[in-house]
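Can you make the complete structure from the sequences, with help from the hints?
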Amino acid sequence: MERKDSGFNQTEFNKILLENVMKTQFTVSKLLAIGSLSPHVTGDERFEFRSMVSNIREDAKDVISHFFPEQEEE
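The UniProt record's numbering applies: residue 1 is where the sequence shown begins, and numbers increase by one.
Don't read these hints as lab results, they were simulated from the structure. No experiment lies behind these values; they were computed from the predicted model shown. Worth double-checking, as some hints may not be accurate.
Quick list of in silico lysine-lysine cross-link-like pairs, DSS-like style, CA-CA up to 27 Å [said to hold, decoys possible]:
1. Lys30 x Lys4
2. Lys61 x Lys23
3. Lys4 x Lys15
4. Lys61 x Lys4
5. Lys15 x Lys30
Pairwise CB distance ranges (calculated) [what the hints assert, rightly or not]:
6. Glu12 x Glu58: 46 to 56 Å
7. Val53 x Leu18: 12 to 22 Å
8. Ser51 x Phe8: 22 to 32 Å
9. Ser6 x Ile56: 34 to 44 Å
10. Asn14 x Ser65: 15 to 25 Å
Each residue gets a CB set at the ideal place from its N, CA and C atoms; glycine is no exception.
Printed below as a string of structure tokens:
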């Protein structure tokens with residue numbers, strides 16, 4: 001099977017994807033921080049910035065591990 005020439009540049013794609021993921025992450029971080037200062041959620045543990053960040057990381061880790069389970073080394 002011959003390899004076809006393609007204009008696709010994996011490095012450029014990865015760079016753009018990473019840039020957009022980072023912009024989204026930074027934006028959401030700022031929005032979470034702003035939202036956690038709202039007087040409507042003051043005192044509610046679920047909306048404390050520190051706990052929100054760790055909860056989001058744990059939830060994301062669970063989803064990722066569902067689709068990409070870690071392989072045990074033999």
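Could one say that the CB atoms of Ser51 and Phe8 fall in the range 22 to 32 Å?
-> violated, 42 Å
Would you mind confirming whether the straight-line C-alpha gap from Lys61 to Lys4 stays at or under 27 Å?
-> Violated, at about 37 Å.
Can the restraint linking Lys30 and Lys4 be considered satisfied, given a maximum Cα separation of 27 Å?
-> violated, 44 Å
Within a Cα-Cα threshold of 27 Å, do Lys4 and Lys15 meet the stated pairing?
-> Between Lys4 and Lys15 the Cα gap is close to 23 Å, so the pair holds against 27 Å.
Is the hinted range of 34 to 44 Å satisfied by the C-beta distance from Ser6 to Ile56?
-> Holds, since Ser6 and Ile56 (Cβ atoms, about 36 Å apart) stay within the stated range.
Pairwise hint evaluation, Lys23 against Lys61, where the allowed Cα distance is 27 Å at most | holds, 20 Å
Verdict for Val53, Leu18 (Cβ pair) under range 12 to 22 Å = With Cβ atoms ~20 Å apart, the hint holds.
If you check the beta carbons of Asn14 and Ser65, does the distance land in 15 to 25 Å?
-> holds, 22 Å
Pair hint Lys15 and Lys30, alpha-carbon separation not exceeding 27 Å = Distance of about 23 Å is within 27 Å: holds.
46 to 56 Å as the expected CB spacing between Glu58 and Glu12, which holds or is violated | violated, 33 Å
Violated hints, listed in ascending order, are 1, 4, 6, 8; each of the other numbered hints is respected by the structure.
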